[in-house]
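Trainee: Listed here are the chains, written in short residue letters.
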Amino acid sequence: EADIYQTPRYLVIGTGKKITLECSQTMGHDKMYWYQQDPGMELHLIHYSYGVNSTEKGDLSSESTVSRIRTEHFPLTLESARPSHTSQYLCASSESLGRTANTGELFFGEGSRLTVL
Amino acid sequence: GEDVEQSLFLSVREGDSSVINCTYTDSSSTYLYWYKQEPGAGLQLLTYIFSNMDMKQDQRLTVLLNKKDKHLSLRIADTQTGDSAIYFCAERPTTSGTYKYIFGTGTRLKVLA
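For the protein sequence lines, the chains are A and B, in the order given. Quick note on my numbering: the first sequence kicks off at 1 and runs consecutively. Quick note on my numbering: the second sequence kicks off at 118 and runs consecutively.
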């Protein structure tokens, strides 16, 4: 079972509010990712991190920001939420290939479903 | 471009076999993956195949890889109602120099009792 946790699981907020989605993993993985998932299922990478103090924007432009001050923690923040931010946000982590005998598997959290009214 | 393609829907009867197909793009991908997503949850790794393999079997699951055609398939034998979920194939290209994964659009499998 994956040791990666997201909170909150569900959040309903009003337009203009600041929100932070939390993601923590206890596996010591250096790589962490945030995906946005459409209602139509497709996953879009919005942020990723190779390690502490390293963050990059993903393929889908997002108004959210992330930080990686500690290995285990990769929070995502929206300064001013809008209805267009309504979506499911999935956090994931992985270990580097070659670091151990691993397959580069991505471990996912359960997701945070955000609704902005 | 970086597109991993899957059909969107598949419906089968309980006890039948399901075959979910995927076409990927980057021949440098060392591993190819199948993930399962149940309603309201994150994705979980079902199985993976190393790029130098043609086939991998794991209990009810069989993965076939055709590198020439860049085609990956997942066969679920004796499909059960608990197999109803969204299935994603994914590749992790090694040529890009990053650690980004490319996911397919997902196939929603519905198992009819």
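Please keep in mind that the hints were generated in silico from the structure rather than gathered at the bench. We put the beta carbon where it would ideally sit given N, CA and C, even for glycine. Treat each hint with caution, since some may be false.
Lysine-lysine pairs mimicking BS3-like chemistry, simulated, CA-CA at most 30 angstroms apart [unchecked claim]:
id: 1; chain 1: A; residue 1: 57; chain 2: B; residue 2: 153
id: 2; chain 1: B; residue 1: 227; chain 2: A; residue 2: 57
id: 3; chain 1: B; residue 1: 217; chain 2: A; residue 2: 57
Facing chain B, from chain A, some residues (calculated, C-beta under 7 angstroms) [stated by the list, open to error]:
id: 4; residue: 8
id: 5; residue: 11
id: 6; residue: 42
id: 7; residue: 43
id: 8; residue: 51
id: 9; residue: 105
id: 10; residue: 108
id: 11; residue: 109
id: 12; residue: 110
Pairwise CB distance ranges (calculated) [what the hints assert, rightly or not]:
id: 13; chain 1: B; residue 1: 145; chain 2: A; residue 2: 20; range: 35 to 41 angstroms
id: 14; chain 1: A; residue 1: 82; chain 2: B; residue 2: 199; range: 22 to 28 angstroms
id: 15; chain 1: B; residue 1: 183; chain 2: A; residue 2: 17; range: 47 to 53 angstroms
id: 16; chain 1: A; residue 1: 52; chain 2: B; residue 2: 158; range: 44 to 50 angstroms
id: 17; chain 1: A; residue 1: 17; chain 2: B; residue 2: 185; range: 50 to 56 angstroms
Trainee: Tell me, which hint numbers fail for this structure?
Mentor: 2, 4, 5, 8, 14, 16
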